[in-house]
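Listed here are the chains, written in short residue letters.
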Amino acid sequence: MATAEIEPTPAPAASPPPWTATLHEWLVTVDHKKIGVLYVLMAVVFLFLGGAAAIAMRLQLWAPGLTLVPPITFNQFFTLHGTTMVFFVGMPILIGIANYAVPLQIGARDMAFPRMNAFGFWTTFFGALLVYFSFLVPGGPPAIGWFAYAPLTENSFARGPGVDCWALGLIVSGIGTTTGGINFIATILCMRCPGMTLRKVPFFVWVMFWTSIQIVVVMPPLTAALTMLEFDRQLGAHFFDTQAGGSAYLWQHLFWFFGHPEVYILVLPAFGMISEVVPVFSRKVLFGYEFMAAATAAIVFISLGVWAHHMFSVGMSRTLDLFFVAATMLVSVPTGIKLFNWLATVYGGKLVLKSPMLFALGFLSMFVIGGLTGVILACAPIDFQVTDTYFVVAHFHWVLIGGTLFGVFSAIHYWYPKVTGRMLSERLAKWQFWLFLIGFIVTFAPMHFAGILGMPRRIYTYGSDRPWEIWNQIATIGALIQAPSYLIFGYNLVVSLWKGDVAGDDPWDAWTLEWATTSPPPPYNFAVVPVVKSRRPLWDAKHPDDPDWKYE
Amino acid sequence: MLALLAAATAPENLSTFSPASPAAEWTRELFVLVAAITGGILLLVEGILFYALIRCRRRTGPADAEPPQVYGSKPIEIAWTLAPLIVVFVLVLLVGRVLWEVRPDPVAASAGVQPLHVTVIGHQWWWEYRYDSYDGRDLGGIVTANELHIPVSPPNGVQRPVYLNLQSADVCHSFWIPRLGGKTDLLPGRANTMWLQANEPGLYLGQCAEYCGTQHANMLLRVVVESPEDFEKYLAAEAKPAADPTDKVALANKEAFRSQSCVNCHTVRDKQDTRANGTFGPDLTHLMARKTIAAGMIPNTPENLKKWVFSPESVKPGCLMAGFDLGEKDMKAVIDYLTTLK
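Chains as they are written, first to last, in our numbering: chain A, 290 to 841; chain B, 118 to 459.
Everything labelled a hint here was simulated from the structure, so no lab data went into it.
It cannot be assumed that every hint is accurate.
To be verified - Across the chosen pairs, the derived CB separations fall in these ranges:
no.	chain 1	residue 1	chain 2	residue 2	range
1	B	366	A	607	55 to 63 angstroms
2	B	366	A	355	21 to 29 angstroms
3	A	523	B	381	53 to 61 angstroms
4	B	409	A	445	24 to 32 angstroms
5	A	642	B	408	58 to 66 angstroms
6	B	149	A	822	41 to 49 angstroms
7	A	523	B	308	28 to 36 angstroms
8	A	429	B	457	39 to 47 angstroms
9	B	254	A	509	47 to 55 angstroms
10	A	359	B	354	33 to 41 angstroms
11	A	523	B	217	43 to 51 angstroms
12	A	429	B	408	31 to 39 angstroms
13	B	388	A	607	45 to 53 angstroms
We treat Cβ as the ideally placed atom computed from N, Cα and C, and that holds for glycine.
Construct the entire structure; sequences and hints are all you get.
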């Protein structure tokens with residue numbers, strides 16, 4: 290033994306480690322890059338699950354009176370679809386990408402708390418599994434809608450343990466998300482490389498800082514509400530048990546106090562991603578960084594005071610309604626400022642229409658529509674008519690797909706070369722983009738009209754006397770156009786690992802620190818801790834004659 | 118597009134763009150105005166974007182020099198902060214104006230105003246209506262289900278506002294007749310008030326708009342707006358107790374119904390006694406005055422009644438009414454009795 294230790298047999302350099310070793314390495318990793326990839330992979334898997342439920346629902350609504358999906362199953366599907374897309378796709382994919390990019394962008398070697406980072410991922414993942422475990426319990430998954438209005442969630446109306454799986458799963462994954470938020474705040478405040486003051490962080494980092502604050506503020510109310518629900522269900526409390534004096538109204542306030550800021554948690558990181566991609570592919574510095582930064586903070590503060598616009602039809606006083614109308618309208622101002630600044634960045638640039646930019650342009654042209662239908666919905670009298678209809682369904686899909694998902698695809702196409710060292714296929718990316726864009730519009734545009742024509746959301750079928758069939762058929766066709774785009778995306782992700790062109794360190798001629806290290810980066814990210822003087826350190830390096838720090 | 122959205126003919130029309138009440142009219146006008154403003158903003162943004170997309174392209178290779186770097190502009194930033202603020206300020210004022218129009222304070226009965234008060238109770242998955250008062254007259258005792266009759270209130274005549282007192286027996290529901298204005302939720306443990314006022318007689322459809330469980334999709338709403346005379350006739354008919362059978366067969370049919378467990382959930386207001394006094398299901402006193410059964414799902418015909426009593430599950434899967442295999446004879450007796458409840 291002793292000799293063996295002194296003279297180890299030289300291992301053949303080319304042979305890859307056994308798969309068990311690779312698996313073990315990924316399961317126990319505390320490296321922010323690997324954890325980021327795990328988050329994204331988890332989200333992609335759940336994206337396909339949530340998408341499958343959506344396709345099933347769209348097929349059921351193809352014509353009046355179909356019996357393809359039974360009522361209870363349909364109701365379970367839209368509950369799982371919403372829960373999955375918000376908690377197990379949207380948040381993990383954004384947190385995952387940020388997990389990868391933020392430490393690199395600020396020149397750090399890892400997140401502030403690497404072990405907590407791993408804990409955050411695994412709790413999120415196991416929380417998701419717990420929700421899906423409801424398939425195995427009597428009664429199956431919950432059929433309560435993703436905002437789970439009381440008292441439909443109480444024992445009297447939801448007898449099986451499906452609701453318990455749902456609530457406990459969300460509590461567990463919520464804890465993971467909260468630790469992620471704390472970790473980002475600590476990382477961004479304490480781990481920036483020399484020279485990078487808070488005014489000089491890349492814009493994505495700035496946005497993640499504020500998103501994290503929002504996560505830390507609004508996840509606890511959700512956890513509290515879910516805990517109260519479990520107290521009701523398991524310990525005989527009566528918080529929301531209306532038959533024993535509990536309040537259905539209280540649940541709505543608690544849920545939406547989380548639920549509305551949640552929308553911004555889902556869309557702000559996409560704003561950050563767009564703010565990285567648009568300048569690089571327009572070959573221009575981000576227009577109005579300071580105003581963009583202030584607008585981000587303004588969105589975070591104002592969005593904490595708009596939640597009851599989800600509850601206009603609940604019968605609050607007119608005065609209270611008007612307050613929430615004004616607050617909601619107000620939040621559109623900083624959002625508009627952002628949009629104008631992106632346009633000003635594009636304007637006068639020299640656009641490079643590679644895949645990340647295509648998705649970013651998709652974001653710019655589509656998100657504005659979701660934002661503007663939001664302004665329409667903020668008008669309480671209009672909301673009385675179209676809330677809880679397909680108009681709302683169209684609106685929030687336009688925000689969460691037209692905004693978040695376009696932003697995420699842009700970011701994934703942008704950073705994939707950094708993560709893997711290979712380029713994604715531009716040809717496949719273009720196919721994905723056009724199918725996705727067209728399919729998305731064809732799916733969700735008709736829903737506006739179905740809603741205006743009186744179609745409520747969450748109905749498993751409709752009578753043949755209703756004038757909604759044509760709009761539903763167009764929407765279903767749109768969903769079938771969209772579906773292959775996701776498959777192409779998945780295929781591109783996998784096949785480009787082997788077949789993609791070698792990326793090099795800086796394939797996009799970009800300006801932030803992650804492009805200064807190798808692709809993929811070494812475990813320690815930077816051999817030498819970088820020192821920066823401006824928001825675009827690589828611009829400074831590439832243009833020593835005209836560096837940014839002269840202007841900032 | 119507006120024409121398209123308003124096109125379908127009544128009563129299949131559920132379009133918020135073909136209003137038949139003052140509230141729905143106000144709302145449509147606000148909708149059109151806000152859609153025009155937001156549409157203008159949309160065109161502006163997309164216009165700039167597409168202009169930039171066409172004009173600002175990197176035509177030469179990567180060796181091309183970078184475009185001028187513009188870091189920002191304070192005046193421009195202030196301009197596009199203030200402009201939306203002004204738009205928002207105006208919109209909030211407009212919304213406030215319309216909000217007070219569509220949610221007015223209830224008006225008491227007086228010359229030229231004949232308010233109708235109805236208590237609406239949402240159940241999984243049907244609607245209970247209890248007429249409280251009309252034109253200051255107490256209507257206590259009129260209970261019906263799934264079809265709400267209200268008097269017309271022509272724009273230039275006697276005002277007949279309808280005030281619905283919205284409550285729920287179980288979970289949250291939402292009352293929504295698109296052509297008569299926006300929706301208001303029914304929350305258990307809370308009473309909401311909603312104002313309805315219909316300009317023209319006719320049948321107006323809608324359905325529950327807040328997810329309320331398995332058969333949310335088939336919790337349909339029917340509002341019949343009729344002339345004041347017809348409405349008075351309706352009230353008079355509904356106020357009467359159930360029709361009293363005279364011949365022997367009919368009496369036997371009634372007894373067959375009363376000996377079944379139907380009476381545990383359903384009420385038939387009867388001169389004889391209060392045997393059928395259940396409140397879990399719809400009041401059946403004047404069942405045949407209603408055009409539909411199963412909360413608007415199917416026409417109220419003897420065949421459908423039979424199908425419904427035998428197997429509600431086959432009509433409305435998951436509904437809370439139990440099926441009864443009464444046997445050929447009793448089933449016929451029960452259905453025959455039900456069809457006498459005019």
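Verification of the hints:
1. In this structure the hint that residue 366 (chain B) and residue 607 (chain A) lie 55 to 63 angstroms apart at CB holds, the actual value being about 58 angstroms.
2. Separation of residue 366 (chain B) from residue 355 (chain A) is about 43 angstroms and departs from the stated range, judged on CB atoms against 21 to 29 angstroms.
3. The given range of 53 to 61 angstroms is broken by residue 523 (chain A) and residue 381 (chain B), whose C-beta atoms sit roughly 32 angstroms from each other.
4. A beta carbon spacing of about 28 angstroms between residue 409 (chain B) and residue 445 (chain A) agrees with the range 24 to 32 angstroms that was offered as a hint.
5. For the hinted restraint 58 to 66 angstroms between residue 642 (chain A) and residue 408 (chain B), the CB-CB distance of approximately 60 angstroms keeps it satisfied.
6. Taken as a hint, the range 41 to 49 angstroms is violated for the pair residue 149 (chain B) and residue 822 (chain A), whose Cβ atoms sit roughly 54 angstroms apart.
7. Checked against the given bound of 28 to 36 angstroms, the beta carbons of residue 523 (chain A) and residue 308 (chain B), roughly 31 angstroms apart, stay inside it.
8. In this structure the hint that residue 429 (chain A) and residue 457 (chain B) lie 39 to 47 angstroms apart at CB holds, the actual value being about 43 angstroms.
9. Judged by the Cβ atoms, the range 47 to 55 angstroms given for residue 254 (chain B) and residue 509 (chain A) holds: they are separated by roughly 54 angstroms.
10. Checked against the given bound of 33 to 41 angstroms, the beta carbons of residue 359 (chain A) and residue 354 (chain B), roughly 39 angstroms apart, stay inside it.
11. Evaluation of the 43 to 51 angstroms hint for residue 523 (chain A) and residue 217 (chain B) yields a pass: the beta carbon distance comes to about 45 angstroms.
12. Evaluation of the 31 to 39 angstroms hint for residue 429 (chain A) and residue 408 (chain B) yields a pass: the beta carbon distance comes to about 36 angstroms.
13. A hinted range of 45 to 53 angstroms for the beta carbons of residue 388 (chain B) and residue 607 (chain A) is consistent with their spacing of about 46 angstroms.
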